[in-house]
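Take a look at the letters that make up each chain.
Number of protein chains: 2
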Amino acid sequence: MLRKNRLFTPGPTPLLPAAQTAMASFGLHHRTAEFRALLTRTLADLKEFIGTNHDVILLASSGTGAMEASVTNLTSPGDKVLVLTAGKFGERWRDLAIAYRSTLEVVTAPYGETFSLKEVGQKLTPDIRCVYVQATESSTGARHDIEGIAKLVRTRGEDSLLVVDAITGLGTTHLDIDLWGVDVIIGGSQKALMVPPGLAYLAISERAWQRMEATRSPRYYFDLRKERKAAAKGESAFTPATSLIAALGAALDFVRHTGHGDLVAGRVALIDNAEVCAEMTRAASQALGMKLFAPACPAAALTAISVPSGLDAGAIVKQFRDTFSAVVANGQGEMKGKLFRIAHIGYYDFLDTLGVIGALEHVLAAVTRRPVEYGAGLRAAQEVYRKKMSDAQVVGA
Amino acid sequence: MLRKNRLFTPGPTPLLPAAQTAMASFGLHHRTAEFRALLTRTLADLKEFIGTNHDVILLASSGTGAMEASVTNLTSPGDKVLVLTAGKFGERWRDLAIAYRSTLEVVTAPYGETFSLKEVGQKLTPDIRCVYVQATESSTGARHDIEGIAKLVRTRGEDSLLVVDAITGLGTTHLDIDLWGVDVIIGGSQKALMVPPGLAYLAISERAWQRMEATRSPRYYFDLRKERKAAAKGESAFTPATSLIAALGAALDFVRHTGHGDLVAGRVALIDNAEVCAEMTRAASQALGMKLFAPACPAAALTAISVPSGLDAGAIVKQFRDTFSAVVANGQGEMKGKLFRIAHIGYYDFLDTLGVIGALEHVLAAVTRRPVEYGAGLRAAQEVYRKKMSDAQVVGA
Numbered sequence: 001m002l003r004k005n006r007l008f009t010p011g012p013t014p015l016l017p018a019a020q021t022a023m024a025s026f027g028l029h030h031r032t033a034e035f036r037a038l039l040t041r042t043l044a045d046l047k048e049f050i051g052t053n054h055d056v057i058l059l060a061s062s063g064t065g066a067m068e069a070s071v072t073n074l075t076s077p078g079d080k081v082l083v084l085t086a087g088k089f090g091e092r093w094r095d096l097a098i099a100y101r102s103t104l105e106v107v108t109a110p111y112g113e114t115f116s117l118k119e120v121g122q123k124l125t126p127d128i129r130c131v132y133v134q135a136t137e138s139s140t141g142a143r144h145d146i147e148g149i150a151k152l153v154r155t156r157g158e159d160s161l162l163v164v165d166a167i168t169g170l171g172t173t174h175l176d177i178d179l180w181g182v183d184v185i186i187g188g189s190q191k192a193l194m195v196p197p198g199l200a201y202l203a204i205s206e207r208a209w210q211r212m213e214a215t216r217s218p219r220y221y222f223d224l225r226k227e228r229k230a231a232a233k234g235e236s237a238f239t240p241a242t243s244l245i246a247a248l249g250a251a252l253d254f255v256r257h258t259g260h261g262d263l264v265a266g267r268v269a270l271i272d273n274a275e276v277c278a279e280m281t282r283a284a285s286q287a288l289g290m291k292l293f294a295p296a297c298p299a300a301a302l303t304a305i306s307v308p309s310g311l312d313a314g315a316i317v318k319q320f321r322d323t324f325s326a327v328v329a330n331g332q333g334e335m336k337g338k339l340f341r342i343a344h345i346g347y348y349d350f351l352d353t354l355g356v357i358g359a360l361e362h363v364l365a366a367v368t369r370r371p372v373e374y375g376a377g378l379r380a381a382q383e384v385y386r387k388k389m390s391d392a393q394v395v396g397a
Numbered sequence: 001m002l003r004k005n006r007l008f009t010p011g012p013t014p015l016l017p018a019a020q021t022a023m024a025s026f027g028l029h030h031r032t033a034e035f036r037a038l039l040t041r042t043l044a045d046l047k048e049f050i051g052t053n054h055d056v057i058l059l060a061s062s063g064t065g066a067m068e069a070s071v072t073n074l075t076s077p078g079d080k081v082l083v084l085t086a087g088k089f090g091e092r093w094r095d096l097a098i099a100y101r102s103t104l105e106v107v108t109a110p111y112g113e114t115f116s117l118k119e120v121g122q123k124l125t126p127d128i129r130c131v132y133v134q135a136t137e138s139s140t141g142a143r144h145d146i147e148g149i150a151k152l153v154r155t156r157g158e159d160s161l162l163v164v165d166a167i168t169g170l171g172t173t174h175l176d177i178d179l180w181g182v183d184v185i186i187g188g189s190q191k192a193l194m195v196p197p198g199l200a201y202l203a204i205s206e207r208a209w210q211r212m213e214a215t216r217s218p219r220y221y222f223d224l225r226k227e228r229k230a231a232a233k234g235e236s237a238f239t240p241a242t243s244l245i246a247a248l249g250a251a252l253d254f255v256r257h258t259g260h261g262d263l264v265a266g267r268v269a270l271i272d273n274a275e276v277c278a279e280m281t282r283a284a285s286q287a288l289g290m291k292l293f294a295p296a297c298p299a300a301a302l303t304a305i306s307v308p309s310g311l312d313a314g315a316i317v318k319q320f321r322d323t324f325s326a327v328v329a330n331g332q333g334e335m336k337g338k339l340f341r342i343a344h345i346g347y348y349d350f351l352d353t354l355g356v357i358g359a360l361e362h363v364l365a366a367v368t369r370r371p372v373e374y375g376a377g378l379r380a381a382q383e384v385y386r387k388k389m390s391d392a393q394v395v396g397a
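Chains as they are written, first to last, in our numbering: chain U, 1 to 397; chain Z, 1 to 397.
Source of the hints: derived by calculation from the structure; they are not laboratory data. Fair warning: this is a prediction, and the values are worked out from it, not measured in the lab. Just so you know, even glycine gets a beta-carbon here, dropped at the ideal spot from N, CA and C. A few of these clues could be false.
What the hints assert, rightly or not - So the derived list for chain Z, only partly shown, Cβ under 8 Å to chain U, looks like this:
id : residue
1  : K4
2  : T258
3  : V276
4  : Y348
5  : D349
6  : L351
7  : D352
8  : V356
9  : G358
10 : A359
11 : E361
12 : R379
13 : Y385
Starting from the given sequences, assemble the full structure and let the hints guide the process.
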C-alpha cells in the first residue's frame with residue numbers, strides 16, 4: 001500500500017502547510033524594512049502566544065542553544081544552581097551547568113515520575129542562583145508541576161531565577177508564566193508551532209535581564225542582551241533564519257485563527273487538542289494491554305508506552321516505519337529499548353490519532369507474535385473522543 | 001480539536017506533496033527547450049503509466065473537455081453512436097452526443113448497477129460509429145466490465161470505436177487497453193495522479209486517429225490532430241497549463257518510484273492500494289449496518305453508501321465537514337440525498353482510511369441519533385487490512 005511519511009515524534013512535528021508555503025516563498029534580505037516588520041510582528045505574536053509581558057528573544061538555534069544561553073547569561077562560574085531532573089532533558093540541564101562550572105544541587109525523580117515538591121523545597125536555599133526544570137520531560141512523557149515549583153522558588157528562593165524548558169511544553173500544557181513568576185521560558189519552532197527545527201525562543205523576566213549585567217560566564221553568539229537590543233529595532237544580532245521566521249509568522253497566524261482572533265485562545269485550543277489526542281492514545285494503549293510509562297503524571301505532549309517484557313522498543317519503532325512509514329520514537333537514555341513514544345504536539349487531529357492507534361494494533365500483532373484483539377484500542381479511543389465531545393457540548397450549552 | 005482539511009471526494013483528490021512543490025516552483029515559459037523536454041518526458045511517462053503504445057494527448061481542460069474532444073473528433077452530425085449509461089457520467093456522454101447531433105442508441109442500467117453484456121451486444125450493430133462508456137461510474141461507485149464490452153465491440157462493431165472515460169478509473173481499476181482494443185481512453189489530473197484539476201489526457205488508437213480525418217463535427221480548441229502534431233515537437237497547440245504539467249511530471253516520478261522504477265508496476269500498486277482502502281471501507285460500512293449502493297460491482301475508486309431511510313445524505317456530508325473538516329461527496333443526479341461517497345483514488349493510505357471510518361462512526365451517531373457500536377466499523381476494517389497483508393505475504397513468499 002501507499003504509505004505517507006508521517007511523524008509521530010515529539011519534535012520535529014508535522015508541518016503546517018501554510019507555514020511551508022510561507023517558508024518556501026520567502027526570499028527577502030534581513031536588513032530591510034520588510035523583514036524588520038515581519039520580525040517585529042512575529043516577536044509580538046510570540047509574546048501573546050506565550051502569554052507574557054516579558055521581552056521575547058528569537059535565536060537561530062535548536063532548543064538546546066536557548067538552554068545554553070540561559071546558563072551562560074544567568075550564571076557565573078561557581079554559582080550554585082538547582083537542577084530538577086527526571087529524564088534525558090533534565091540531564092541536559094545538569095550537563096550544561098557542569099560545562100559552565102556551576103556548583104550543582106540536584107533533585108532527581110526516576111524516569112517516568114515527577115519531583116517531590118517537598119524535596120525541591122528542601123534544596124531551595126536562598127543562595128540558589130537558578131532553578132532549571134522541564135515543563136514536560138520529552139524522554140518519558142511526564143508532566144512536571146511548574147506552578148507548584150514556581151511557588152516554592154518565589155517564596156524560598158529569594159533571588160533564585162526559575163528557568164523552564166518548555167520546548168515540548170508550550171502549546172501542550174497550561175503555563176501562566178507571569179502569574180506564577182517563571183523567569184525564563186524556552187520554546188522551539190519544531191514543536192507545537194508546527195515549523196521545522198532551527199529556531200528557539202525565550203521569554204525573559206526583568207529580574208533575569210538584570211541578572212545578566214553581573215554574570216561572567218563566557219558568551220558571544222548567545223549573548224541575549226545583544227539580541228534584546230537588536231530586537232527592539234526589529235533586527236537580530238546575527239543573521240536570522242529568515243525563512244523559518246516567515247514560517248513561524250504563518251504558524252502564529254494559524255494559531256490566532258484557531259483561537260478566533262486570539263493567540264492565547266489559540267494556544268488553549270492547541271493544548272486541548274493535544275489533551276484529547278493523548279487521552280485517546282492512553283486509553284487505546286491500555287485497552288491493548290500495554291502499560292503507560294508515566295501513568296501518574298502523563299503529559300499531553302506525548303505518550304510513552306512501556307514495551308512488554310522480552311521485547312525491544314526498537315522493533316516496534318522499526319515495524320511502524322517499515323509497514324506504515326510512521327515514525328514514533330524509541331526511549332532515550334537509560335530507557336532506550338524499554339519504551340516507545342507517540343507525540344501529540346501541534347498539528348495532529350482526530351484522524352491522525354485514530355490512524356496511529358490502528359497502526360499500533362498491527363504493529364503489536366507483528367512484533368509480539370501474539371493475537372491482538374483488533375479494534376480494542378480503537379474502540380477505547382472512540383469512547384474517549386465521544387465523551388470529550390459530549391462534555392464539550394455540555395460546557396458550550 | 002484541530003481539523004485538517006481532508007478530501008475524500010472522487011476528485012479532486014489529496015495532492016501529492018512532491019507535485020505541489022514542483023507546481024509551486026515552476027515558472028518557465030512554454031516555448032522553451034526546457035519546457036519541451038518536460039512535456040516530451042511527461043507524455044512518454046503518461047503513455048507508460050496508461051500502458052499503451054498509442055499516442056497520448058494532454059489538454060488544458062477538465063475531463064469533460066476530453067470527452068467532448070472525443071465526440072467532436074470522432075463523429076460527424078447524424079452518426080449513430082451507442083451510449084452505455086448507468087449514472088450521471090453516463091448521462092454526460094448522452095448529453096454530449098445530443099449536443100453534437102449524433103443519432104443515439106442507449107443501453108441503460110439502473111444507478112448502482114452495470115450493463116447486461118447481452119443487451120450491449122444486441123445494440124452493437126455494425127453501423128455504430130462510437131461506443132461511449134465509463135470504466136467506473138463516479139456517481140454510483142459501480143465498476144463496468146470494459147474488457148467484456150471491448151470484446152463485443154471488437155467482434156461485432158466492425159468500425160465502431162470504443163471510447164472509455166477512465167477519469168476515475170485509471171489507477172483504480174485494471175485496464176489493458178491495447179490488448180482489449182480500447183480506442184480512446186480519457187483521464188484527468190485530479191484523480192489517481194494526485195494533481196489539481198486542469199489537465200485531461202487521452203490515449204488514442206491509430207484507428208481513431210484515422211477516423212478524425214473524415215469527421216465533420218465543428219472543433220477548434222479540441223482539435224486533437226493539431227495537438228498530436230504539436231506534441232511530436234514537445235509543444236502544445238495552445239498555451240499549456242505549465243505548472244500543472246510540472247506537477248504531473250513529479251506525480252509520475254512518484255508513481256514510478258512506487259513501482260520500483262516501473263510506471264506500470266506503480267499503477268498496479270495504486271490500484272491495489274485503492275482496492276484495500278475500498279474493501280476496508282465497504283466492510284466497515286456494512287459492520288455499521290449501512291448498505292452499499294453498488295454491492296454487485298463495487299469500484300475501488302470510491303465507495304457509495306446508501307443512507308438509512310428518513311435521512312438525507314446532505315446531513316452526513318455536512319456533519320463530516322463541520323466536525324472533521326473532511327469532505328465526502330453527496331449523491332449526484334437522481335441519487336442526491338440518497339447516498340454519500342467516500343473516495344479511495346490516488347494518495348490515500350491506511351491511516352487516512354481508518355481515520356475516515358472512525359469519523360463515520362461519530363457522524364452516524366450524531367446524524368441518526370441512534371446508538372452506534374463504536375469500533376465496530378474500525379474492527380471490520382482492521383480485519384480486512386490484516387487479511388490483505390497476510391495474503392500479500394503469502395504471495396510474496
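Hint check results:
The interface hint given for K4 of chain Z holds, since its Cβ lies 5 Å from the closest Cβ of chain U, which is under the 8 Å cut-off. Interface hint status for T258 of chain Z: upheld, as the beta-carbon distance to the closest one in chain U is roughly 7 Å, under 8 Å. For V276 of chain Z, the interface hint holds, since its Cβ comes within 8 Å of a Cβ in chain U; the closest pair sits about 6 Å apart. Below 8 Å, beta-carbon pairs count as interface contacts, and Y348 of chain Z has one with chain U at about 7 Å; its hint therefore holds.
A least Cβ separation of about 5 Å between D349 of chain Z and chain U falls short of the 8 Å threshold, and the interface hint therefore holds. The beta carbon of L351 of chain Z is positioned within 8 Å of a beta carbon in chain U (closest approach about 3 Å), and the interface hint is therefore held. The closest approach between the C-beta of D352 of chain Z and any C-beta of chain U is roughly 7 Å, which is under the 8 Å cut-off, so the hint is satisfied. Taken as an interface hint, V356 of chain Z checks out: its beta carbon lies about 7 Å from the nearest beta carbon of chain U, inside 8 Å.
Interface hint at G358 of chain Z: satisfied, since its Cβ lies 4 Å from the closest Cβ of chain U, which is below the 8 Å cut-off. About 6 Å separates the beta-carbon of A359 of chain Z from the nearest beta-carbon of chain U, less than 8 Å, and the hint is met. Given hint, E361 of chain Z at the interface with chain U, holds; its Cβ is 6 Å from that chain's nearest Cβ, closer than 8 Å. For the restraint placing R379 of chain Z at the interface with chain U, the shortest Cβ-Cβ distance is roughly 3 Å, inside the 8 Å limit, so the hint holds.
Nearest Cβ of chain U to the Cβ of Y385 of chain Z: about 7 Å, under the 8 Å cut. The hint holds.
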